[in-house]
Each structure stands twice: as C-alpha cells, then as structure tokens.
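Participant: Given the structure of chain A, go ahead and fit chain B onto it with the hints provided.
One-letter residues, chain by chain:
There are 2 protein chains.
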Amino acid sequence: MLKDIKALLLDVQGTLTTRDEHGRNILVGGVRLIEHARRTGRRILVLTNATKRNEAILNDLRGAGLPLEDGEILSAGQATGLYLREKRGACRLWILGERSLGEELAKYGHEIVNDTSEKPHFVVVGLDRELTFEKLNTALAHLRSGAELIGCHASKRIPEKDREIISVGPIVKALEYASDKQAIIIGKPSRVMYEMALAKLRVNPHEALMISDELKNDLLPAKDIGMKTALTLTGVTKRQDLERSEIKPDIVVENIDDLVSFL
Amino acid sequence: MLKDIKALLLDVQGTLTTRDEHGRNILVGGVRLIEHARRTGRRILVLTNATKRNEAILNDLRGAGLPLEDGEILSAGQATGLYLREKRGACRLWILGERSLGEELAKYGHEIVNDTSEKPHFVVVGLDRELTFEKLNTALAHLRSGAELIGCHASKRIPEKDREIISVGPIVKALEYASDKQAIIIGKPSRVMYEMALAKLRVNPHEALMISDELKNDLLPAKDIGMKTALTLTGVTKRQDLERSEIKPDIVVENIDDLVSFL
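Taken in sequence, the protein lines are chains A and B.
In terms of the numbering used here, the first sequence opens at residue 936 and continues consecutively.
In terms of the numbering used here, the second sequence opens at residue 936 and continues consecutively.
For reference, chain A alone in the conformation it holds in the complex:
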C-alpha cells in the first residue's frame, strides 16, 4: 500500500531520536529507512517544530548517526521565516525565543528588533528556556502597539532530560489572552508547515508519508491534508493509547526502520 510513496516526512523527537538522562540525542532508528529511501528514489524531509538554526538541528541528527543531507529539513523557525517573507516581504520581528531562532529568521531577510522602542511588525514566539516576566510584558506592549502574533508552532510540552517542560503553545495562549489577538501558527499541527513541506518536496499529498510517534499534533493534520501516515511506537504513543484514539494511522510499526519492508 505504500509503494507509490515518493516522499518521506520524518518527525524527530521520539521517532528518529530520544534524549538520554544527560539530555543528549541518541538514535532510535532511521538509518536503514533513509538508506532504503535513497536506493529507491524517495525524497526525504525532516519535519520538526524546533525553533533554532537549521544547521544546529541537522548537526545534532548527524551527530546521532543519521545520514542526512543539507536541505533535507524543514523546521518551524525556517517555515516561519519563509512564510513571512512570502506573505509580507522583509519584516521587523521581535522574538520571544532563543538567539538561534533570531539567526534562523534573519536568513530570510527579516530584521530582528531588540530595542523595545522600535515597533516590530510581528512578535514571534519560539521555545525560550530563558523566558522572563519582563519578556512577556514587552511582547504584550508590542502586541498592544499593533504588532501581530506568530507562534512558530503550538506544541504543549517538550521532553527534556527526565521531565517535560513548557513548549511554545502555552506561551502563545497566554499572549493571545492577554492581548485579545489571535496568533498565526506556522509549525505542526498547522497546515502551513505541511503545505510548505509538500511544495518543497514537489509531491502531491497522497504521495507523501508522514512518520511520527505522535498522533494528534503530527499525524492527524497530515491525514487531514491527504497524506499517508505511519505511527512509530518508540515515543509518546503506546499501543493502548492507539487503541483508545480515534485517529487511525495507515500503518503502525514498532520502529521507524520497520517501514523498509513496506516501501
């Protein structure tokens, strides 16, 4: 059933890699699948909600052992930079996120505003492990002065070492409520990211297979847009979660590399 697939979209955390107790990326699988895809002429795209420089994400994945090439990635930071350039041209952005997100966004011609006296066109929210009350208040002031709100994605939590931490979605919800504005969401589960991936891969939805360990945030929107979906059981979703869920992927495998025999 998956022989017609021309492109593979790969989630990262829980699908390709996981983190050990020191927070380092360790491989879950993917080497065999990527090599098989190259042999059989399938295109590959890592689809990640990470909000830092693409190069840093690719280096992490290569460091974990994955044979990925330059350009085989679409991250939420990159997608945000591309979306804004396409819809609005070069913009002035105020970033609630880490330095590396600013570096990624600047690649697409946007100006990163630091001085609070300058009026940005957009407040862009990414993951910020150094979030402070002051940053939230500056974001609010910019929003009240006319800036629009962009969420690089809307994930609720991300795993980190032995716990889960607050991701981008909760901060976007806080700023929406505080400012009476509605955010534009770019990354998963937003359609924007999936449409951008299809355009980059030059394939139709039914020719693309989204592979992830997560049903609601990753596979459901892929299914909604007409992609095929594959669930891996190496991450957050267990077999009993799948049985309870109304979201039914086209295929379920223990490990991402088990997909080789279907492709």
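Intra- or inter-copy, both count: the list cannot distinguish identical chains.
Heads up, simulated EDC-like pairs for lysine to aspartate or glutamate below, C-alpha to C-alpha not over 20 angstroms straight-line:
#1 LYS941 to ASP1005
#2 LYS1042 to GLU990
#3 LYS1054 to ASP1115
#4 LYS1070 to GLU1033
#5 LYS1022 to GLU1130
#6 LYS1091 to GLU1111
#7 LYS1151 to GLU1181
#8 LYS1070 to ASP1097
#9 LYS1173 to GLU1099
#10 LYS1135 to ASP939
#11 LYS1151 to ASP1185
#12 LYS1151 to GLU1099
No wet-lab data here; the hints were simulated from the structure.
Facilitator: Chain B alone, transformed into the frame defined by chain A:
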C-alpha cells in the same frame, strides 16, 4: 432606584484609586460615598482581584485617604483561601505568585509547599512579577502529578506605572493548555467571588450595588448574578466604549462620589 440598596461592593483600581507615574496609589474618589454609606446604614465591601495580604491592600487604601474598617474587604487571595477551606479543608498548596499571597492563604489553615519533591493538592496562580520559566515548569510538573489548578482570578492585564503588565489570566491559560487541565477561577469575573461577597454582607443580590470602572470583568458578572451595577468613568471605560458595549449598567457616573445623590 437605588434607595433599596443595602450593600456597596467597590472595585479598587480605576474606581477608588489610580496610580501616578511613580506607581503610588492616588485617590480618585470614594471618601464621600463611604461616609454617606455609613450615615445611611449601608454595608461596604471592597472587592478586589489583588493577590496579596488583605492588610497590605487595606493599608494602601487607607494611605490613599479612604476611611475603611478592618474586614471591609474581600480579595481574590482571601476568597481562594476561604473557598479551598470550605470545599476541601486544609490543603497543601504550591503557589505561583508573590510571598504575600502565600501569607494570605496560610491564614486559612493551608500548608504552603515550597520543596518541589512534595506533592501539593493545588497549584494556585496569583500575580507574580518574578515569574520565571522554571516556575512554570514546576507548576506543570505538579499538575501532571495530579495537582488541580486554581486561578485566583482571570484578569488579562493590570496597569502599572506607565504601562500594562501580564496579569493572572494569561498564566492560567498557559498552564491549562500545557497540562490539559481546566482551572477553577475564584476572583472576578467568577461567580465564586460574588457569591462569597453576598454571603459575607448577608444581603440578597438585588440589594447589592457593584461599582466599577470595568464593564466585562466586573459589572457583567455582577449583573448576571442579579446585583445592581454602577459604572464610573474614572478608569478604563470611556463614554464611547459604553456606547459601543452591549453591557448596560443600571447607572453611570463620572466619579464614584456622584453616587451619593442616588443612594
């Protein structure tokens, strides 16, 4: 029309006081109304979403010149402490808020948990000008371990000096989204606070007059519960806002003291 009113519920910020450019409370009005209420046998209750010690709030108001007596206040912190004691007895609480909120909550027999290894029954969110990412993550961990979420109130913003800052509501929204839990809201605009005020004043809803500069958060819920409502124009609501609003208070005055001639 207001002669039958037996109790006055007074909002603080924008109604009784405002802040000067140094952040100090200065009086907007209220002395004449309070004195008139005493002469005519009306009970008085300051109804505030402040989440610090009641004594500190009363001292601020007296410092601004208002002749208020002990007990003539119901704050969101106090209401939270009373609500939890009534519904659940003495609880273990983890507080995302300032020290003064913990002091207020402890008055009602609750234990304030500081050590992150102890499991609280509730995460209580108040105003926290020293909010950090770490505090949000600790709150999330407690919620994921079974604690319930309480918002002392759900206000969006509060004025501070020459700007508005993030209030309690946005932080509650962030934690609700991150944890997949729904918060119990105590202060305005929640019914809980208004019902508690009526019980404290021993009056029926139609015998109580809620006085505030704010339509949606303060006067609408008062109206919904059957109270009479008076809007003052010394705060956030201007006459043109009132004209555009679907919320129609029973009476509109420039200054709170203008109510004297109606009571």
